[in-house]
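J.: Single-letter residue listing:
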Amino acid sequence: MKYLMFVCTDSEPDTDREIEQDIDTWMAEHDACGRRLQSMVLSPKSAATTVRVRQGRLLVTDGPFAETKEVMVSFDLLECADLDEAIEVARTHPMARGGRLEIRPLADYEQVTA
Amino acid sequence: VTEALPVAAASAVAAAGAESYSRIVAGLIRVTGKWTLAEECAQEALALALERWPKEGVPASPNEWLMTVARNRAIDNLTEAGAERGVLGELAALSLGETEPVGADAGSAAMVDDRIRLIFMCCHPALPFEARMVLTLRTLCAVPIANIAKALLVTEAVLNRCLTQAKAKIADAGIPNRMPSGPALTERLRCVLSVLHALFIHGHDAKGEPAFSEEAICLARLLQRLMPGQSEVSALLALFLFQDSRREARRDPDGRRITLETQDRTRWDADAIAEGMTILSRVSPEGPYGLQARIAACHATATSPKETDWREIAICYDELARIQSTPAIELNRAVAHSYAYGAAVGLALLAEARAGAGLDDYPHSLAAGVDLTPRPDDRLRRHIVTAGRHRRS
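Protein chains in written order, with my numbering: chain A, 5 to 118; chain B, 113 to 505.
In case anyone wonders, no lab produced these hints; they're calculated from the structure.
Please read these numbers as outputs of a predicted model, since none were measured by experiment.
Don't take each hint at face value.
Said to hold, decoys possible - Looking from chain B toward chain A, a few residues come up when the C-beta cut is under 10 Å (computed):
no. : residue
1   : PRO237
2   : ALA238
3   : GLU242
4   : ALA243
5   : ILE282
6   : GLY286
7   : PRO288
8   : ASN289
9   : ARG290
10  : PRO292
11  : GLY294
12  : PRO295
13  : VAL457
What the hints assert, rightly or not - Computed far set for chain A versus chain B, every beta-carbon distance over 10 Å:
no. : residue
14  : TYR7
15  : THR19
16  : GLN25
17  : TRP30
18  : MET31
19  : SER43
20  : THR54
21  : GLN59
22  : THR65
23  : THR72
24  : SER78
25  : ASP88
Stated by the list, open to error - Non-contacting residues of chain A with respect to chain B, defined by C-beta distances greater than 10 Å in every case (computed):
no. : residue
26  : SER15
27  : ASP20
28  : ASP28
29  : CYS37
30  : MET44
31  : LEU46
32  : ARG61
33  : LEU87
34  : GLU89
35  : GLY102
From the three backbone atoms N, C-alpha and C, an ideal C-beta is built for every residue, glycine too.
Required output: the full structure, derived from the provided sequences and hints.
T.: Pasting the structure below:
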């Protein structure tokens, strides 16, 4: 299954700083077994623009559509057998401690349209 | 095959159902991944048994008879739907053969009982907690929706929606039908045990007794048999047995609750207590449930509140407070110390807990733990009442 992993900041990161995991080790490990398909890092949320069209009129506003303290900083596309495997991949990501991760499967298009 | 009286046949169906329903459902879910199909096929097998066994007699292997019927129903259903041959072949091979218990290094075990896989699936932390309870009750214990709804004080429509959403999440999110391995096993086992514990204490029947304590005990027995190396599983079963041993002594004839220290201890179930002690003696109970079981064992084996081993209880609460400090634990710890070493020690601990905001936002600070903790002396009680009253200040 393909999972998109949203990497977000969190207002309460882990206070235990003993074991620092680094992102290079994480990437190398999951590239080697083919679980990390792609990663993208986002520009700061100050660079975000929201676009809507209502009754034919274009509405362009500054900033992300959801005004929260926690922001998405990057995302990774993962290939995992199931949720438990995806959770194990997320567990060792440095931002699991420094922030929070949301893992969400991509919808199975054939199943959705069937 | 012998002719059977209708009543005898009906009780044979009930007995075979109790023994094999969850195994049939678990096996069908593993192979097909279809929950509703699995439950429907198992229920149809029971319905057919109720119809046939009174006329044709109870078959020599009632459990296998049920499995065969359920399996064939599933095969028919999936053949119609154009299922793959592999799935159909696996279905045809499904039987109720005993599987080996899983050792402490469980991950390597190739043959894991289907019910174990299913319970880890039902109690997956990615599901809402209530859904875990409902799925477990419905799928593994075959409790009717109406009974679950009544005990959990929700409507059947709400429960059905909860079940539908949980099953959709399992399919969409890819929650697997397998037992976790490595470090995840300990964490996930904790999730399973917390669901069983919630089943044991949550929801009440008409008499005010926990509605699903029997189901929880039954599941704990199953886990203990299939995962004998896990001391927290054994400890939880022992804890259940100690608490359940007081079932008959807990209420007066009018249904009013009798506190632990005024209960008639001769009415406690001595067999359940002895079984709990034997189970506990075989493991090293150092985890949260182990410590709670040790505390419950002290109460269960004491001839009177005074004769209770309060020092052992105080030690257990110290350890519990260290690993998972909660207001209830802090409060009970203070009480245990007051009995073991005098009210001054208990009061000091209580003051400490209040200073550390340990009792803030603690609702029902008195009602909780009533069953385990005898009432403290008056001076201490006044302080606890005050602590409870000022919790929001």
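J.: Which hint numbers doesn't this structure obey?
T.: Those not satisfied are hints 3, 4, 13, 14, 25, 33 and 34.
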